[in-house]
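Peer 1: Quick mapping for you: the protein sequence lines, in order, are chains A and B.
Reading the first sequence from the start, the letters are residues 1 to 221 in the working numbering.
Reading the second sequence from the start, the letters are residues 1 to 188 in the working numbering.
Read the hints as simulated data drawn from the structure, not as lab findings.
All figures in this text were calculated on a predicted structure; none of them were measured in a lab.
It is possible that some hints are incorrect.
Derived list of chain A stretches under chain B, where covered just means 3 residues or more per stretch with a C-beta under 8 angstroms from a C-beta of chain B [what the hints assert, rightly or not]:
{"no.": "1", "stretch": "5-12"}
{"no.": "2", "stretch": "56-66"}
{"no.": "3", "stretch": "206-219"}
Each residue gets a CB set at the ideal place from its N, CA and C atoms; glycine is no exception.
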Amino acid sequence: MTRRTLSAIVGSRLHGERRSTAFACVTAAIVGFIQPHGVSPLSDPLTADVATRSVWLAGPVFFCSAIGIALALAQGPGRHAYLDIAERSAPLFGRELARAKALAPAIAATLAALVYWSAQFLSGFAAPPTFFILALASVFASTLVALNATLRSGAQRLLYVGLAFATSAIAYILAVYADSVASRTGDALGVATELIFCAIVGFISLRQYGEALARSDAMSS
Amino acid sequence: MHVLRMLDARYAPRGETIVAPATFDVAPGEHVARVCATAAEAQALAMMGAALVKPTSGIVLIGEYDPRVQPVHCKRIAAFVPHDPLPLPEMSVDHFIDYRAALWDIDTERARAHAQILLDRLSGLHEAFAYPIVAALLGCPSLLVLDRPQPFFAKKILAAAGPCAVFSTHLDAAAAFEFSAKLEAVHA
């Protein structure tokens, strides 16, 4: 797949979902502003660290992942039938098409996460950049898992949506609580485990999406 | 040598038969029209001919390639035109041509020039119906597959297709006759 083909698919998908993306960014801005950031005073530094993480990461991870899942589901067949049929008619392998189609909701969700982070920053409770990276990793992983739901129906579809939410929940637990298990390692353990988990889940999901896209046909999906 | 060959090709997702076993050949440059009982059958059969739907059983060969094994090769040979018109408010026509050219990795200027020639041949046909045909022909396929095309414009569509083989599905014999019987008239 050439870069031109990739940008054509991503560009047309983003253009098709421009209203959804704008809506996601606006809601991200609102939630970023109103999200509570305050943490009760705690004497134990480890408990205070965990409490800070749990409060500051909850909003971006869960809300931005939900946005990523919604934007991924919007990529499903039917919403833009002319794009679906054009992409499927094109001489592209399933894995190539999967990568291009996954990039569109990932970019849109990244934009929403950036808006959320900006809103947090402007409201005076800006989380450190590491938190943004942690939230973004969770958004990518859950978005890629949710893309698999677009090619399925019924219980399987619900299962993948559930798995996408479970991915963000596990990512959040790892980011917040992994350090508390081994306090000597500082923040590195929490950051590393969450990033590794999201990378593995994202990679497997993207591969699976490509396989499913290659197997599915234009009428059944 | 056939550009499309179906041997007992059947499409029955989840046990529900949509396309009963179909057997026919399309030779290079030939125009073949087939009458189907339902819209779903017409769509599925056309999509099988363009490697967009894999047969549940039987054999489909597009230019000697099996869509189940080499779908990308098949899609370079066969181009599909859907029954539904292009939703023009969603995508401008120029953007649509550029988009299709990018998908097939065709030079943009060449694609636009080719599109203009094809549009001249299709003059009179509504843009929403003309542009999908133009877009399908941009990649210079050997086979044009039409899902329930407009019979009124059969002559123009076949003229635009030129030497390309055309396989079309229809819901009534009169419409199918327009696409298969006008072959001589178009090329005369």
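Peer 1: Next, verify each hint and record whether it holds.
Peer 2: Taking the hints in turn, this is what the structure says about them:
Under the rule that three or more residues need a Cβ within less than 8 angstroms of chain B, the assignment of the stretch 5-12 of chain A holds, with 5 such residues. Counting residues of the stretch 56-66 of chain A whose CB lies closer than 8 angstroms to any CB of chain B gives 0, so the stated coverage by that chain is violated, three being the minimum. Counting residues of the stretch 206-219 of chain A whose CB lies closer than 8 angstroms to any CB of chain B gives 4, so the stated coverage by that chain holds, three being the minimum.
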